[in-house]
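**Student:** As a plain string of letters, each chain reads:
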Amino acid sequence: MDVLIDLANAIVLLLNFVLVPGLAYGSQLALGALGITLVFGILRFANFAHGDTMAFGTMITILMTWWLQSKGVSFGPLPTALLALPVGILVTVLMLVFTDRMVYRHYRHKKAVPVILMIASMGVMFMMNGIIRFVIGPNDQRFSDGERFIMRARDFKDWTGLSEGLTIKTSQGLTIVIAIALVAALFWFLQKTRTGKAMRAYSDNEDLALLSGVNPERVVLITWILAGTLATIAGTLYGLDKSFKPFTYLSMLLPMFAAAIVGGVGNPIGAIVGGYIIAFSEVTITYAYKKVFIYLLPSGIEPDGLLQLLSTDYKFAVSFIILVLVLLVKPTGILKGKVI
Amino acid sequence: MSSNQKTTLWFGLVAMLLITIGFTQSWSVSLGIMNLCLISAIMALGVNIQWGYAGLINVGVMGFSALGGMTAVLVSQQPVAEAWQAGWGKLLLAALFFAATVTLSVLCYRKIVAGKQRNIMMTAIIIIGLSLTRYFLDPATTAIESVDPASTGYLGGMNLPIITSWIIGGFVAAGVAWLVGKVALGLRADYLAIATLGISEIILAVMKNEDWLTRGVKNVTGLPRPVPYEIDLQSSDWFIQLIQWWHSGFLNSLNTLDKQVALKQFVIEGSSILVKLCYAGLFTTVLIIILILSVKALNSPWGRMMRAIRDNEIAAGAMGKDVTARHLQVFVLGSAVIGIAGAMLITLDGQFTPTSFRPIRYTFLIWVMVIVGGSGNNMGTVLGSFLIWIAWIEAEPVGVWLMQISTSGMADSNMLKLHLVENAQHMRLFFMGFVLLLVMRFSPGGILPEVIRKR
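One line per chain: the protein sequences are U and D, in this order. Residues 467 to 806 (our numbering) are what the first sequence spells out, left to right. Residues 2 to 456 (our numbering) are what the second sequence spells out, left to right.
Each hint should be verified, as a subset may be incorrect.
[Said to hold, decoys possible] Listed next, the stretches of chain D that the computed footprint assigns to chain U, with coverage defined by at least 3 CB atoms under 8 Å from CB atoms of chain U:
| id | segment |
| --- | --- |
| 1 | 364-372 |
| 2 | 433-443 |
[To be verified] For lysine-lysine, the following DSSO-like pairs were computed, each having C-alpha atoms within a straight-line distance of at most 30 Å:
| id | chain 1 | residue 1 | chain 2 | residue 2 |
| --- | --- | --- | --- | --- |
| 3 | U | Lys577 | D | Lys322 |
| 4 | U | Lys757 | D | Lys209 |
| 5 | U | Lys756 | D | Lys219 |
| 6 | U | Lys623 | U | Lys537 |
| 7 | U | Lys708 | U | Lys623 |
[What the hints assert, rightly or not] For the chain U half of the interface with chain D, some residues (derived, Cβ under 8 Å), not all of them:
| id | residue |
| --- | --- |
| 8 | Met588 |
| 9 | Gly589 |
| 10 | Met591 |
| 11 | Met593 |
| 12 | Phe723 |
| 13 | Tyr742 |
| 14 | Leu773 |
| 15 | Ser777 |
| 16 | Asp779 |
| 17 | Ile787 |
| 18 | Leu789 |
| 19 | Val792 |
| 20 | Pro797 |
In short, the hints are calculated from the structure, not lab data. Every residue, glycine too, gets a C-beta built ideally from N, C-alpha and C.
Throw the hints in and build the complete structure from the sequences for me.
**Tutor:** Structure, rendered in structure tokens:
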């Protein structure tokens, strides 16, 4: 019986420190990577400004949330930020469409090589970064409210009688639920609607799609709308889960690129798979397994080290190592993406 | 207007800007800006060699300059004998096992036919090899890091003059670039960009966490200088006499007491200016050497071949040029130049702080310099570095000043005004992006575009 309890404790420990955070972080990465992959598939360049698009959307949402909070509006147990999201999405999409008109369209019409568009996106990244820091400052901002936990460690312990607790934050639960709903809606859109099919056709073969009467400007417009929506939601969820700091969003760019490429760039399913792969490798490789093994091994044999594969500071490095490995071994990604 | 006249005109403008800063702010500030302009120019030349000559996109500038900076530490610091004694044996074993793991896995990859068998063998070699490496490395690093952690806690350096690190730093960056290039250069342009960006982050992560090598986030401060210290100058007679002679007209008009006070002030200012001038002299020498070599290389048959490869890889390959080898060569060369600049930067700073390396400042800003100045044109790149760095530094006071003027109608306690003035400095990021996009749109070759000589 003791063995079973130890086993249960070890499982709860892994659930609490690996599965739940991994799922939440993976969902946030997947939503971000979907935006990158869509832009890559349709506009055919790596968008360096995507991290800052996320930060921009989150910033608008935060400002709106603060305004709502000052008016005394709340969303019951859920964070008020969810009520502010539509405004954030709208402003971000408008901003992206404006950027496309002012910057990217010119190069698209000139049929510039993708690298030029990519360097232009660096310029956009600088500008957005400046705006964000100018408006909200470079510091940490907290904007979460409502019920903080779905399940508290103590309640879980009382309920099960185990010595390890399981904590599920509201933000984590929300992230997973919203990500699933959003991905389902996106796939329905891409697979079933006329516009979605046009987008996929355009992504597969531009010339053939144009011959079939697909309006390229409309496809591009829809792409930016989707990218902006996904980025704002992903950014807001990440901000609710951790906290909002402009610099963090810039460094999220690389794990998102990694997720998009590992899964196969231009392939939406790949972006989701990639997001979870990156998130779970980051969490599992930097988690210290000492406690788990203390539960699993018979008493007396205790591991002396932390049993950590890599120190926590290497968290981000893990995703790049995976990225580089995938690029070397299978540049098209795990699920076949495209190499444009 | 010929391109030479245009170049002269633009550099004249840069000189005017620096002189204006000298008169309005102070000469010390102006020289400080110029020194960083010189270093940025060398970094940008490195990027220009890769992007302008060969069309290789390297977004890992930060990583290579940090490697150069790390070399400055490893070259100039005193070796910590105790730490070496504590850990050298196990460190050597760990290095041997790591080398064996890499060699074996490369051999395995090359010699065995692709398939399940190879995958299993590779995995086994890597897991066993890395475990053995960790088995020796972990106790070694713990031992080294526990040697007087407050002041050392790392292996120290080679106790050579720091100026030699400029050359060695170039070689270190070149060595890492060779490895990176071997691995990543086969990738398409945008994948290469993302891969180099990732690799530079990995390099920085290693530097932040491997305390036994670099002291990590505990930083290494007080690096020796290749130029005199201000304090020494202030107490040496020849320098005081020099300053007295320089300002003699003004000083003679004062009475004795005022004269002493004024002289003291002049000596302090003068010492800081002289130190910066010494650095400027060293940096200018390096910049001119690299610039001459770059121009020579670009105009040589080698440079023509590089541009041919850049403009049409397939055609160049069909003409018998070894595209892969040339790409690797130019990637290594460019990274070496960036490494040299990194070592110079840390020499100027006098301290190595891995956390100060941020991609916006050390990668993307350098790219803005190259694109705005003129990729493929060495003089243009240097010009871009000067202009962009001056703008980057001066945007802060100018932005705050502009914001203060435009909000002067508001009360001083107005929240909006306080916020605007406080955050005005961040608008320089916006400004940089704006300039980049403007130049890309309306003058795609940059301010001084590439000169194509027709024969």
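**Student:** Please check whether U/Ile787 passes as an interface residue: C-beta within 8 Å of a C-beta belonging to chain D.
**Tutor:** Nearest chain D Cβ about 7 Å off; hint holds.
**Student:** With 8 Å as the cut and Cβ atoms as the points, is U/Val792 at the interface with chain D?
**Tutor:** Violated - the Cβ of U/Val792 stays beyond 8 Å from chain D, reaching only about 10 Å at its closest.
**Student:** Would you settle whether the hint for U/Tyr742 is holds or violated, based on the nearest Cβ-Cβ distance to chain D being less than 8 Å?
**Tutor:** violated, 19 Å
**Student:** For the segment 433-443 of chain D, does the count of residues with a C-beta closer than 8 Å to a C-beta of chain U reach 3?
**Tutor:** holds (count 7)
**Student:** Taking the least C-beta to C-beta distance, is U/Leu789 closer than 8 Å to chain D?
**Tutor:** For U/Leu789, the interface hint holds, since the closest Cβ of chain D sits about 5 Å away, which is under 8 Å.
**Student:** For a C-alpha distance cap of 30 Å, please report whether U/Lys577 and D/Lys322 respect it.
**Tutor:** Answer holds: U/Lys577 to D/Lys322 is near 28 Å, not above 30 Å.
**Student:** With a cut-off of 8 Å between beta carbons, are at least three residues of the segment 364-372 of chain D near chain U?
**Tutor:** Held - the segment 364-372 of chain D has 4 residues with a Cβ nearer than 8 Å to chain U, which meets the minimum of three.
**Student:** With chain D as the partner, please determine if U/Asp779 meets the hint condition of a C-beta pair closer than 8 Å.
**Tutor:** holds, 5 Å
**Student:** Under the criterion that the straight-line Cα-Cα distance not exceed 30 Å, is the pair U/Lys756, D/Lys219 satisfied?
**Tutor:** Holds, at roughly 27 Å.
**Student:** At a threshold of 8 Å, is the proposed contact between U/Gly589 and chain D supported by beta-carbon distances?
**Tutor:** holds, 4 Å
**Student:** Report holds or violated for the interface hint on U/Leu773, using the least CB-CB distance to chain D and a cut-off of 8 Å.
**Tutor:** Since the shortest Cβ distance to chain D is 11 Å, the answer is violated.
**Student:** Return the status of the interface hint for U/Met591: holds when the least beta-carbon distance to chain D is below 8 Å, violated otherwise.
**Tutor:** Holds, about 7 Å.
Violation of the numbered hints given earlier is confined to hints 6, 13, 14, 19; the remaining hints are satisfied by the structure.
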